[in-house]
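> Mind assembling these two chains? They're in different frames, but the hints should get you there.
Residue numbers (this note's numbering), protein chains in the order written: chain A, 1 to 521; chain B, 522 to 827.
FYI, nobody ran anything at the bench for these hints, they're computed from the structure.
Wrong hints could be hidden among the right ones.
[Claimed, not checked] Quick list of the computed label-pair ranges, beta carbon to beta carbon: (1) B:Ala-590 / A:Lys-500: 53 to 61 Å; (2) A:Glu-363 / B:Ala-587: 49 to 57 Å; (3) A:Lys-144 / B:Leu-758: 26 to 34 Å; (4) B:Pro-552 / A:Glu-204: 56 to 64 Å; (5) B:Leu-812 / A:Leu-272: 50 to 58 Å; (6) A:Arg-520 / B:Pro-617: 31 to 39 Å; (7) B:Leu-758 / A:Asn-358: 51 to 59 Å; (8) A:Glu-263 / B:Phe-586: 51 to 59 Å.
All C-beta atoms in this analysis are idealised placements derived from N, C-alpha and C, irrespective of residue type, glycine included.
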Amino acid sequence: MRRRTLPALLTALLLAAACRGGQSGPQRRTLVDSRDRYDPRSLDPALSTDVPTGRAVAYLFDGLTRFTADARVEPGLATHWDVSADGRVYTFRLRQGVRFHDGRPFHAAQVVASFQRVLDPAVHGGRGEPLYPIAGARAYAAGKTRTIAGIQIVDDSTVRITLDAALSIFPKLLAMPVASIVPDSAGQEFGQHPIGTGPWKLVEWKHDDYVLYARNESYFGGPPQVDSLMTRIIPEPSTAVAEFESGNVDLLYIPESETRNWERTDEKKGMLESAPALRLWYVGLNTTRGPLRDARVRRAINHAVDAGTILRQLIAGRGTLAAGVIPPSLEGFDGGRRPYAYDAAAARRLLTEAGFPNGIDIELWHSTDPTFARVGQAIQSYLAAANIRAKIVQRDAASAREAARKGQADLILKDWWADYPDAESFLSPLLTTSSFGPGGNISFYSNALVDSLVARSHGEQDQKTRATLYRQADSLAFADAPMLYLFFYNELDAVQPWVKGFHVPAIFNGQRMTGVSISRR
Amino acid sequence: MLPFLARRILLAIPTLAGVLVVTFLLLYVAPGDPVMEMVGERADSATIARLRGELHLDEPLGRQFAFYAGGVLRGDLGRSYITNRPIAQDIRERFPKTLQLAAAAMLLASLTGITLGVLAARRPGGWVDRLSLGFAYLGVSFPVYWVGIILIFVFAVVLRWLPASGYGKPQYLILPAVALGSRSIAFLARMTRSAMLEVLGADYVRTARAKGVGERVVLLRHALRNALIPVITVLGLDFGYYLTGSILTETVFGWPGLGRYVVNAISRRDLPAIQGAILFMSVVFVLVNLLTDLAYAASDPRVAYD
Numbered sequence: 001m002r003r004r005t006l007p008a009l010l011t012a013l014l015l016a017a018a019c020r021g022g023q024s025g026p027q028r029r030t031l032v033d034s035r036d037r038y039d040p041r042s043l044d045p046a047l048s049t050d051v052p053t054g055r056a057v058a059y060l061f062d063g064l065t066r067f068t069a070d071a072r073v074e075p076g077l078a079t080h081w082d083v084s085a086d087g088r089v090y091t092f093r094l095r096q097g098v099r100f101h102d103g104r105p106f107h108a109a110q111v112v113a114s115f116q117r118v119l120d121p122a123v124h125g126g127r128g129e130p131l132y133p134i135a136g137a138r139a140y141a142a143g144k145t146r147t148i149a150g151i152q153i154v155d156d157s158t159v160r161i162t163l164d165a166a167l168s169i170f171p172k173l174l175a176m177p178v179a180s181i182v183p184d185s186a187g188q189e190f191g192q193h194p195i196g197t198g199p200w201k202l203v204e205w206k207h208d209d210y211v212l213y214a215r216n217e218s219y220f221g222g223p224p225q226v227d228s229l230m231t232r233i234i235p236e237p238s239t240a241v242a243e244f245e246s247g248n249v250d251l252l253y254i255p256e257s258e259t260r261n262w263e264r265t266d267e268k269k270g271m272l273e274s275a276p277a278l279r280l281w282y283v284g285l286n287t288t289r290g291p292l293r294d295a296r297v298r299r300a301i302n303h304a305v306d307a308g309t310i311l312r313q314l315i316a317g318r319g320t321l322a323a324g325v326i327p328p329s330l331e332g333f334d335g336g337r338r339p340y341a342y343d344a345a346a347a348r349r350l351l352t353e354a355g356f357p358n359g360i361d362i363e364l365w366h367s368t369d370p371t372f373a374r375v376g377q378a379i380q381s382y383l384a385a386a387n388i389r390a391k392i393v394q395r396d397a398a399s400a401r402e403a404a405r406k407g408q409a410d411l412i413l414k415d416w417w418a419d420y421p422d423a424e425s426f427l428s429p430l431l432t433t434s435s436f437g438p439g440g441n442i443s444f445y446s447n448a449l450v451d452s453l454v455a456r457s458h459g460e461q462d463q464k465t466r467a468t469l470y471r472q473a474d475s476l477a478f479a480d481a482p483m484l485y486l487f488f489y490n491e492l493d494a495v496q497p498w499v500k501g502f503h504v505p506a507i508f509n510g511q512r513m514t515g516v517s518i519s520r521r
Numbered sequence: 522m523l524p525f526l527a528r529r530i531l532l533a534i535p536t537l538a539g540v541l542v543v544t545f546l547l548l549y550v551a552p553g554d555p556v557m558e559m560v561g562e563r564a565d566s567a568t569i570a571r572l573r574g575e576l577h578l579d580e581p582l583g584r585q586f587a588f589y590a591g592g593v594l595r596g597d598l599g600r601s602y603i604t605n606r607p608i609a610q611d612i613r614e615r616f617p618k619t620l621q622l623a624a625a626a627m628l629l630a631s632l633t634g635i636t637l638g639v640l641a642a643r644r645p646g647g648w649v650d651r652l653s654l655g656f657a658y659l660g661v662s663f664p665v666y667w668v669g670i671i672l673i674f675v676f677a678v679v680l681r682w683l684p685a686s687g688y689g690k691p692q693y694l695i696l697p698a699v700a701l702g703s704r705s706i707a708f709l710a711r712m713t714r715s716a717m718l719e720v721l722g723a724d725y726v727r728t729a730r731a732k733g734v735g736e737r738v739v740l741l742r743h744a745l746r747n748a749l750i751p752v753i754t755v756l757g758l759d760f761g762y763y764l765t766g767s768i769l770t771e772t773v774f775g776w777p778g779l780g781r782y783v784v785n786a787i788s789r790r791d792l793p794a795i796q797g798a799i800l801f802m803s804v805v806f807v808l809v810n811l812l813t814d815l816a817y818a819a820s821d822p823r824v825a826y827d
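Chain B extracted, bound-state conformation (with noise of 0.2 Å):
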């Protein structure tokens, strides 16, 4: 497990040094000039320059990215052009929020979604089984941006139950995480009822059936784990997309996580911001998928690391 582990962890060097220098190319490309958008709409060329100067971007582009990948690697993101706040200072303000969303999605799809899948696939074709397949076109096919509108405008506006946006006390989770797993848990339910089908159909569910294994025991112990390896690999995929920020459901919600962070720098063409975000994602989700890569193992012993 250890080498396994060590060798990952220096794999993930060579993909955050790319997606660092990636980062950086498009963004040199990319149309939009940084300095405009500092000055605002009426600006004189004095200003311009001195400020290009000031922020090195008058400088070639090789002792640019010398500068900006200098400072990460002394830990230092740089500030925002636009705010003048530490970038690093702005991702740690903003990043327990988005963790707090992805983690009550997940917690919510998974268990909503294998227990959909597992009832469905306990009687295929059986009401249980047509409601969640019902409810798997509804979940994949209705936008999370849709979703969550309904969401508030039946929860918030007409039985005043819950607030429509912003962060804060537990209820102000509640339909962020519902809008934002609802597909999750469509693709879960749907996920495990094929996986469980094809583990129910195999020799030793059968074996454990015919030594007299109770119906429960069968399904959640014999079955269930066998299934969940196809399973593990869409959570994890779904987290980590969920922790680099899920901008619909942000917006929507007004909740101010990651993924609003990263559209604002965008959009303003603040290129600090926009680099230390995205290489903070990166560093993530590397780690999400390290992680799922290890749920592998503690899920199914015929995964070994060596």
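Bound-form chain A, shown alone (with noise of 0.2 Å):
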């Protein structure tokens, strides 16, 4: 309710106060970014399962692989890497001459050791699953053995990895923040004071108020451009656009509501930059439940609901109209493939056959958060149109994650990050029998064949005939219709003019600040 007003009257009195003109360039050397809501969990990247958290790990460490803005791998701390014929066995070349923030050197000995320290039961991580495909890396975890059998230092400059099973896309797992590269004897604390090789040192962390860095002189890779990056934390959005008007910040994220004013002004328009993010927005719906298991129904309600409109009106345009779960940027999306169409009658039509001519009672589930919650109520009343009758529960976001992981929501409005570019990254979670529930595939779809693609994709090592087999595995699927496809979101932030360099990152850690300036005038 508060969220909904209060932003928009505070627009409009921003907007009345632009007529003040131009602000000149700030005195500070340090690049102020608003875009984090809440405090990182830690910097520890054991600990890095949220954006805020792989946003500053991204800062302070290197993987031995990672990822530009525009999503796509490069070396990291490995510059290069060679596959076995079969697929499994993974060598690394190591950089040499690289230090950490505290002068250590970095060898081949700290890569075992911060795998095994992300796997270790002791360490409380639990959030190893990326380095799982490793051989002996699910033994380590349950604390079976005392080494991870599949990785091998070969010499100090070289480290070989066998997986249990081909995986192409492993390379792509190690630029993310978890299989980050830490020192040895990283204790309790390290999440407090963190050492990384990366292009940022730790300064200081103020919780919940900032975190500030300075750039690391030595950084592999060249010092960043400006002395320091500071992260604010500004929980309130009209707050951080304040900050924004201020010129004390000079990175602002745009949320849905106030596109529309930022887009009014030439001014203002200027400053957005945009970019396609690897986030789906979706209802999952559960096909294990009651009138959802038959295909017919889950096809309705895709065609009952006007997803373009939702998109123009609710989202400010931000996105493109999903026909399935790979986004247009990544490798498998098929721009043939159109989203379903529109079509009320043809909703009704789909029922009848399915042997429901009154229609049928669902429950449609969302969190409180108020984009999802004018989102949940548009869907509800284009449902209502085609007979679909749905109750609103709305809970908040952790009981209806909850519910939806039990397979206790008919359906539930939702959104899917992708961890690493790859459309492995949306087909496996959201689609597969492996996936059920916490996996990430709340919709409890199973199909024999979809599963069979997939598994296939990540033993073949072909570019064109893996993009083929996720083609055909997201076409499968969206024949079912496990889901209500909407869009693709298009992340939108606004930066400074005196700020040159920054371009919005497709990932989250895919923008490491190290080529943002700031120009004075």
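In structure tokens form, the structure reads like this:
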């Protein structure tokens, strides 16, 4: 309620103030980012599961590989790597002469130690999934072995990693925050006092207030352009806007509800930077519950909802309609597949065919997030027009998530962020049998053919063939409609005119601020 | 006085024990699984089962409670499920900031509110009275949240006199203190006014005036001191609430206090953080109430505690 009216009010007032004229460059040499709404949970890569933490870890640490702002994989602490013919053995050549922030040299043993630490049951990490493909990783995580069988130090600058089974996306998994390389002797308080090899060193972390970094002068990729970087934690979007207007912060995330206000004047529009994010909005349809077991009913739901209007009116047009789970920027996207057409008559016809001439009654769950609430209400009214009577169940995010994972929600409005830029990061968690519930498949959709296509893609080294497999899997699932496909989201940030070189990343840890500068007039 | 103090402190023990039990049970029955919040969006059931075991969440309720209460009795509030930091340290970091904000808001509110109330009571129906009434209506009707946003807009964006958000030098304190205190100012002004009017009509005030005591002395020594008891009650209650973290004010102004800490902990189902913070807040609340009672005695000699 409050979030809906107040930002609008503030924006109106801010527009009134906009005639104050342009601002000159700031006196400071610190780049100030206000995009995070809450504190990182830790600066320890082993605890990284959310966006603020993932960003912070990307500033402080390097992995063997890393993502660029446009979501490509490039060498990090490994200069290059070879794959064996069977796709199971990766040999990484490590960068020479790299030092941690405290001066200790980086060497092969730390790769092993870092991976062991993430998987070590005693570290209470428990977020080691990206490393599970390594042979022996699961046994180690369960406390059954003292070492991870699949990692060998060949020499000081070479590490060989053997996987349980071929996995062509493995280098992408290694660019995730949790696979960052930490020095030996990282203790329990490492999250407070992190030491990495990354472009930024930690200066101080004031919880719920800011994280301050200084540039690493001896960063192997060359030191960042600005002296320091500050991540301000501003929980209230309207306050972040005020700080941006006052020139105190350089980067601002624009909420959906404020987009149109920012696009209204040329001065403000000129500050906007946008990029398609690897993020899907959808409604999970629990394929194991009542009428939703019938694919015709699920297709009816897709026809009943005008996703295009929802995208235009409620998300300010920030996105592309989804006709599958693979976003347009990734290999495997099929530009020829059309989204389900908005057609209430077709929806009612499908329901009748499925044996529900009088329509159905279901529950539509969503979290208390104001944008989700608005989208949820719109979906409810579209469904009603097609004789699908949806009762809205609104819960806080944790409760809604739990219900969906336990299969207690008929429909749940959700979004899904890719962990790494690959179609696999959508297909496998959202649509395969092994990902039921907490793994991400809250539709409990199970299709042996989709499962086998995704499994085959894992072993496929040829990018073209892999894309074909992805496309087939996505297409099969699309016909079964295990979800109401909504749209792929566009990230939108405002950037102060004096900031140069900032590009909105497609993946959350793809912008490490090394090439961003402040030009002073 | 001492037996009274001892009795009150003893009585606080069952209160706090009750808080401990009720919080624990409420969190136990509340939906939302702490382990699910720990592992993030893509997790496997083996990890979830392992974490549940490590955190003793798979054990019977009684044993879980014994485990937690045992820690609390030893002075150990445990570590956060989410951040892995010690809860006690988190509270130690945030409480001084909440205290600072609460004290500033309270100081502002009591000075302004009581002054307005006294001035208003001096000439009921006069312009000061009507002005303070209008002010009180505004203060009570505007939500803190809205006041905060307006203050930010005027003083940070347009005038650029004060920072919009954050924590640091004293100027960071001004806007949040005004926003938080505005409601109390209004309440206190009305409360002081009516208490003063009642007292000003009393016989002893007439006597004081009759024997030629100056108006200023009548107002401040004879009337205000006697009128203060209900005002202290309001002050004490408000202060207690402020000290337990003013969630909205802290959110609007990005103030890194206890209120935001608890809200974040609740939204992530960080059980030890929620329990520790609530227990701590209860102790604070009990203490503030005790101090309020003591302040009655200081203000009014008729109040005796034996």
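> All hints are to be evaluated individually against the structure, with a verdict given for each.
Going down the list of hints, with the structure as the test:
The hint said 53 to 61 Å for the Cβ distance between B:Ala-590 and A:Lys-500, and at roughly 57 Å that hint holds. Between A:Glu-363 and B:Ala-587 the beta carbon distance is about 38 Å. The supplied range of 49 to 57 Å is therefore violated. Taken as a hint, the range 26 to 34 Å is violated for the pair A:Lys-144 and B:Leu-758, whose Cβ atoms sit roughly 57 Å apart. Distance hint check for B:Pro-552 and A:Glu-204: the Cβ-Cβ separation is about 37 Å, which falls outside the suggested range of 56 to 64 Å.
Between B:Leu-812 and A:Leu-272 the CB atoms are about 53 Å apart, so this pair conforms to the stated range of 50 to 58 Å. Evaluation of the 31 to 39 Å hint for A:Arg-520 and B:Pro-617 yields a pass: the beta carbon distance comes to about 37 Å. Taking the beta carbon of each, B:Leu-758 and A:Asn-358 are about 56 Å apart, inside 51 to 59 Å as hinted. For A:Glu-263 and B:Phe-586, the Cβ-Cβ distance of about 54 Å falls inside the hinted range of 51 to 59 Å, so the restraint holds.
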